[in-house]
Amino acid sequence: MEKLQRLSSEDRDNLPAYLDGELNEDATRRIESILAQSSVARNDLERLSKTYDLLDELPHPDAPKDFVEKTLATVRLEEVKVSISDQLWFQNTQKVLVLIGWTVALIIASVAGFAITNHIIERPEDVLVEELPLMKNLDRYEEVQSVEFLNQLTASEELLKQMGKATSHEQK
Amino acid sequence: MLRVKDGDDGAFAQIVERFQNRLIGIFTNMFADSALAEDLAQEVFLRIYRAKQGYEPTAKLSTWIFQIANNLASNSRRSKGRKKEVQFQVGGSGSQPVQVGENNVAEKSAMMPTRQLDKTEMQERVQSAMTVLNERQRMAVLLHRFEGMSYADIGETMELSTQAVKSLLSRARENLREALENYIT
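Read top to bottom, the protein sequences are chains A and B.
115 is the number of the first residue of the first sequence in this note's numbering; add one for each residue after it.
14 is the number of the first residue of the second sequence in this note's numbering; add one for each residue after it.
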């Protein structure tokens with residue numbers, strides 16, 4: 115009768131935890147009840163336990179005698195590398211260099227910004243300056259009325275002289 | 014560790030002394046390479062030293078140290094693309110990994126389980142059986158058996174729930190039982 119008592123899959127999964135004392139009270143009671151009734155379960159548990167004991171055969175190597183010394187030397191070496199950046203002069207120099215870098219970058223950005231703005235964006239004042247010669251002579255240009263006439267005047271010296279005479283005569 | 018944080022190098026040396034064999038033991042049985050195990054153990058101590066300023070005593074020191082060791086082991090596995098079947102060394106005395114092959118003594122002896130095995134042979138059997146486990150199972154088993162950690166501590170070290178550790182160890186021990194069936198007296 116007792117040998118018919120079989121372990122369920124869950125019970126089987128719980129056996130290692132039972133051996134390790136990691137099961138809760140209910141599960142522990144259940145396993146103990148099965149173990150009390152089943153020699154198969156007791157055998158399973160025993161084999162599981164003996165297998166785990168075999169792990170004591172695994173090597174437990176000792177560290178080399180100079181391991182601590184070597185490790186401390188490596189740590190000190192690393193500390194030296196780190197300590198340069200921890201020194202005050204290094205940190206101050208670093209801060210000054212960063213400040214200079216930012217200042218230079220700011221100046222370059224300002225100059226570039228001014229140059230770009232100056233070339234791309236046209237201000238109303240720029241148009242006035244550009245058109246100043248035209249505005250100064252605007253009254254004369256309006257009197258002339260015709261660009262063709264001006265071209266003829268430039269091309270013909272004779273006509274220019276006649277115009278000059280007519281003007282001086284009018285002035286008299 | 015708090016003394017280390019305050020710059021006491023003597024305290025750091027004490028930590029190295031206290032944990033050196035334990036870490037080398039875990040790494041040797043994880044990777045079957047004593048030179049690699051020493052390198053990894055030293056790297057753990059370097060990381061501890063680097064992290065000293067940020068150390069807060071919220072967890073047990075051993076849990077914290079083995080957490081670093083576990084992360085390092087995971088990274089080492091990933092970066093080196095280690096193969097499970099090429100692993101354990103004979104006798105654990107050298108630093109060269111040994112191929113577990115057809116002509117291995119372990120397999121020969123498996124055919125004659127009644128023969129009394131000597132200590133070295135039995136060690137080889139158990140080392141071969143460990144290769145059956147995946148790396149997470151192996152780490153959990155080593156932390157449990159070598160370090161005597163509770164499931165909760167293993168969970169904290171390996172960033173797993175206690176239930177997950179229970180399943181991991183259960184599967185691992187079933188695999189070990191199957192692999193070592195012939196050697197149980």
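Some hints could be false.
[Said to hold, decoys possible] In silico DSS-like cross-links for lysine-lysine, where the CA-CA straight-line distance does not exceed 30 Å: (1) Lys-132/B x Lys-73/B; (2) Lys-132/B x Lys-65/B; (3) Lys-164/A x Lys-18/B; (4) Lys-65/B x Lys-179/A; (5) Lys-132/B x Lys-164/A.
Worth flagging that the hints you see were computed from the coordinates, not collected in a lab.
message = Checking each numbered hint in turn, tell me which of them this model violates, lowest number first.
response = Numbers 1, 2 and 3, in rising order.
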